[in-house]
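Number of protein chains: 2
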Amino acid sequence: MVCDRLFPRGAAALAALALTLVQSVAHAQADATSSPAASNVPGAINPRIYPDRRVTFEITAPNARSVLVAGGDGLGHGPFPMIKSADGVWRVTLPPVVPGFHYYWFILDGVAVSDPASKTYFGYGKEISGLEAPDPDGDFYSVKAVPHGEVREKWYWSRVTGAWRRAFVYTPPGYDSSRTRRYPLLILQHGYGEDETGWTRQGKAQFILDNLIAAGKAKPMIVVMDRGYGSKTGMLALHFDNDTPVKEIGRAFDAFDHVVLRDLIPTIDASYRTIPDRDHRAMAGLSMGGMETLFIALHHQDEFAYIASLSGPIVQNPNSSQSLAAALRAPFDVKSAYGGSFADASRFNRRVKLLWMGAGTAEPADFRLGIVGAVKALRAHRVHLVYFESRGTAHEWQTWRRDLKDLAPRLFR
Amino acid sequence: MVCDRLFPRGAAALAALALTLVQSVAHAQADATSSPAASNVPGAINPRIYPDRRVTFEITAPNARSVLVAGGDGLGHGPFPMIKSADGVWRVTLPPVVPGFHYYWFILDGVAVSDPASKTYFGYGKEISGLEAPDPDGDFYSVKAVPHGEVREKWYWSRVTGAWRRAFVYTPPGYDSSRTRRYPLLILQHGYGEDETGWTRQGKAQFILDNLIAAGKAKPMIVVMDRGYGSKTGMLALHFDNDTPVKEIGRAFDAFDHVVLRDLIPTIDASYRTIPDRDHRAMAGLSMGGMETLFIALHHQDEFAYIASLSGPIVQNPNSSQSLAAALRAPFDVKSAYGGSFADASRFNRRVKLLWMGAGTAEPADFRLGIVGAVKALRAHRVHLVYFESRGTAHEWQTWRRDLKDLAPRLFR
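Those protein sequences? They're chains Y and X, same order as listed. All residue numbers for the first sequence refer to the numbering used here, where the first residue is 92 and numbers rise by one. All residue numbers for the second sequence refer to the numbering used here, where the first residue is 92 and numbers rise by one.
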């Protein structure tokens, strides 16, 4: 308030006024063709999305001195300054965003806060806003008039961590009425900073599977989505960055390995009508969940016949003293990678029914080049694998939704 | 930043500094005995709760000029100004709060924002922060080593609204393994501004039922928690306040009545092993959900034998032209209330197996006096009912958790 009174007609105020006028006109013109994002809370008219996927964000903050909007890669290269109108409402219209789901937040006088008009999603270790931008090819994850499975909240005691854990379990359409039919099991993991809610809230995995199963493209399966941290607190035991020695990350993942093998699989097999053998068990994960999948499933091939890494950074040796950054750039060594899992290609091909790897074409170079390098080296070594690219999407959920659409039909064949 | 430079040693800055020092000391002293709230995101050390239920809130906002914390009744009579430390962190320690769950938010330079350190909950029509303050008698809603039911996300098509709807369905322990056993059904509704997630996220209904069933105190039952708005958008068709004519509210509730009778019950009876008759069907709701329950269940006694209003404001005639405020204060007329449901007390007593009403002793007078007035008038008229009071709690979730603990054992006897 004091600042507002000090500079009522200053240069900054005049510039802001001019921009406000431009902004108001753009807003008024655009309203007729734009519509509220599906990720808004009911009744909230902003954020609004235009047919060309420009997005208008808005927040009322008459006393703020600076408001920006920032978010995931697909939102563009922000943060984007917002402009204050005479009515105290800050607005900005972003250039067309990438289709799909993007985390975002406002920076209000320097503080990152959620948009009160948005649903929140667990990412970056907290609850933050998300923007659902329509994809012209996004029909595969919409709620349609097909038989629907259920997503069940399952609580179980972990002897490994000494704590109660929550997993979500997708049971396919017909699960309750068939009574005796048994199903294969997919363990499907989220990324770093996310949790067991990610695949159904951000990923819409239940609708992707409902639609694939209804079309006869995927076999009915049970999917369990657990919290990918094997500690009592339910978060990773360390915060890692480019300088973290890989072996420390490997140790943190070991705890989750133990949860999966000793607590989770026995619980799910005892609670649901799974077919409890390796030929009917898959593990897949995105980003950190892909790293975990490769560490865990390649190490326990007696437990998993289907293995998928969705944008999982390639770290070949979980016991390495290398920094994460160095490990990501290391050339892929087919003989030694992942404890020598691929050394004997024909043995691997006989044993593992599917190795699936994917990346978005707009992902960070370190991630994508590592994945592409591994794919090339493995193929040259005659390891059978499927490599899938999501066009134009980054290290974000739209990549992983498309991944699941490609992956699920290949499972349990 | 400009303001900070303009007043480096001003009176306000000196006062703030003094308060900051006091605050820092209090904070340092308290840390040893306080612990992070269970409602924090994993790893967040604030809000912190002390053994006497004082609560310290904290947010880093070096550039903010004013930060307050505000919230639900049980938090105290805020908003409470927070004090800025030299490190840019704003803090306040509140006097002991009421046990249980309280919505809260920060007011950051005039803008209501969620606390990045808190889980969010759907209330007030948006996602906001919540504080879980321990209750020495709160064991009944904790996750314990007892058999656990499941909470299932159920999508269904509503012909009434022409839209897909999501309900959550609690199935009791043993539901999957028994295969043929059938269960009674409780429809359990949230309050105004909340949604179908409220009873499991804020209310912990699944743990309350798990614990009661394990102790043999409640019969195993199926519980469905739906979104209490019968419109395509999934929110109430109107925003109501004290001046809204009751008949407009009644009309908005009519749409939900149709959803419950025509869409929800048939869907649940077709999808789960319910006992699909009135003697095995209950409806209960809190606040607005209590109003809905009384309107719907008293009007359809052929469908419901158990009827419970948890802090539901008493509005006797949904077709009245009275304002809401006037209707809440009207003396209870046993002959005409709720379409004459109670006029013949002995007929009502034969037909309705349980009428249950509850309120917290710290609720707003309009709500509580209306409920108490109805209870007195109904008892004088020899209508059988149970009245339950939650000591020291307001129009908040701790009242409703205690209500469910009292109510569930009385159902389906």
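Hints are computed from structural coordinates only; laboratory data are not their basis. Check each hint, because a few of them may be wrong.
Heads up, simulated BS3-like pairs for lysine-lysine below, C-alpha to C-alpha not over 27 Å straight-line [unchecked claim]:
(1) K235(Y) - K338(X)
(2) K338(X) - K323(X)
(3) K235(X) - K323(Y)
(4) K444(Y) - K426(Y)
(5) K444(X) - K496(X)
(6) K338(X) - K235(X)
Practice prompt. Check each numbered hint from earlier against the structure, then list the numbers of those it violates in ascending order.
Written response: Hint check: 1, 6 fail, others pass.
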